[in-house]
Amino acid sequence: MSDLYREYILDHYRNPRNHGTLDPNDATYEDTNPLCGDRIRIDLRLDGDRIVDIKFSGRGCAISQAATSMLTEMVEGKTIDEVKAISKDDLLEEIGIPLSPARIKCALLGLKVLKASAYGFHGWPGDE
Amino acid sequence: MSAIPSTASTSFDAVALRQQFPILRDPSLVYLDSAASSQKPEAVLQAMEQYYRHDYANVHRGVYALAERSTEAYDEARRRVASFFGAGSTAEIVFVRNTTEAINLVARTWGAANLKPGDIVVLSEMEHHSNLVPWQLVAAQTGAMLEFMSFDDDGLLRLKDLDRFLATSRVRLVSVCHVSNMLGTVNPIEEIIARAHNHGALVMLDGAQAAPHVAVNLAALGVDFYAASGHKMCGPMGSGLLYGRRELLEAMPPFLGGGDMIRVVGLRESTWADLPAKFEAGTPSVADAVGFGAACDYLAGLGMANVATHEHDLIEYAWGQLLELPELTAWGPPPERRSGAISFSMGGIHPHDIASILDEGGVCIRAGHHCTQPLHAHLGLDATARASFYVYNTRDDVDRLIDGLRRVRSIFGN
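Chains as they are written, first to last, in my numbering: chain Y, 1 to 128; chain P, 1 to 414.
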């Protein structure tokens, strides 16, 4: 089969976890990857500084959608400080597939949107 | 799938020709992204190496023999390019870095000097960003307006739009692609030139996707400006051409100022060099020009009629194979109206996923908007996958593409 498109990646793509929107929400942000037009929006509900609910929506390639689905599972119940501490490498390790430089941005788009939504950091994870 | 020999209906042997391109001697590589940039044959690489190893010095300055050899290499490159494109004179061939620079040159010199508020520049909805953005910039600067020819469901330009704009008598320039880099449409340029000239409008053609594939005779065509990129036609990156009719280039102000483009320089004012030096400020990229000249000779040696026949065979074969795949939509006109590239969509599978899976099998295609966002928006798309063909591709390459696409389908299921 494929090195990249492993069964768990395809499973997250076909059956995304925490997919949808939150209305009302405590924070929301949407961004695109200009390279490919992928679009991801993340809505958060917070209790103090703890993420109690998270939903994502948008469209894009299997890598960006699956990575964001996995990310939402990683951060549910975490505090903003814990989200700040999630590095590019933490997410790439969780995704666990050999991504080429061109595809790494697909995988990181969800984390970029999450950081903007959670604490207003606007930049690619890894540039912090 | 069994491969039909690529020589079946073509007049040259692409399998043997492939060996002239060092990077393609790797049999596992299927390069189907020549619309982005072509690979380079030995002849081009050797010409550039010969120049750097034996003929290198700055041009147009030294009186020593080596500098004269370098200048001669640069001038000879221009003669080769002019001859390949059928230009009336080398004075009409300006070396630029790429098609983008050529279009910017015209927009910023001819456009800035000639466009007035209310004037119209006609473009089309199938243009590459490089034939949109420079005109947006000059329109904002001059008050000129942009109008756009639409295209029909077959990806063919609606010439009725052009007629409607021309009827206003305010159109100063029509600038369109000769061949679309996304749809593959070969536009009816003779007809466009005739209609525009009939209404006193000039015509600029973006030939980036045409020059590699079809014979272009600029003098016979009667076009006013023509732009092309050497790197898409076997030449090096950094080489490109702007053709302009002599009287137009002579009347235009310079583009960049500096060395080489001047006749006499004073502290407060200067006069300009003759064509084409007037538009080539600073030390030129001579080795790239030499490589571009060698690429023109290489293609002329193959014969552009043979190149077109070979590619048409591949496109027809690929078109038939692609359309047999379930849920595949190929955009643009049928094979007889196209050249170069085929862009397609596969159900809801993202083009990046298609390209990544093909890459795992050594097949290189393009995925994205191909610098044609308005065109994709017209079709209601964000992105497409694009396979493009050139002289070194074979039916075997097409078969590998199709096998890869079947694998995409099996990974993503139905």
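There may be inaccurate statements among the hints.
Said to hold, decoys possible - Okay, the calculated beta carbon distance ranges per label pair:
| id | chain 1 | residue 1 | chain 2 | residue 2 | range |
| --- | --- | --- | --- | --- | --- |
| 1 | Y | Glu94 | P | Gln50 | 51 to 61 Å |
| 2 | Y | Arg45 | P | Leu159 | 29 to 39 Å |
| 3 | P | Ser28 | Y | Asp23 | 47 to 57 Å |
No wet-lab data here; the hints were simulated from the structure.
All residues carry an ideal CB built from backbone N, CA and C; glycine is no exception.
Inset, instruction - Check the following: the C-beta atoms of serine 28/P and aspartate 23/Y are separated by a distance inside 47 to 57 Å. - result: At 51 Å between Cβs, range holds.
Inset, instruction - For glutamate 94/Y and glutamine 50/P, compare the CB-CB distance with the range 51 to 61 Å and indicate the outcome. - result: 53 Å, holds
Legend entry - Pairwise beta carbon distance, arginine 45/Y to leucine 159/P, judged against the given window 29 to 39 Å: 56 Å, violated
Comparing the model with each numbered hint stated earlier shows that hint 2 is the single one that does not hold.
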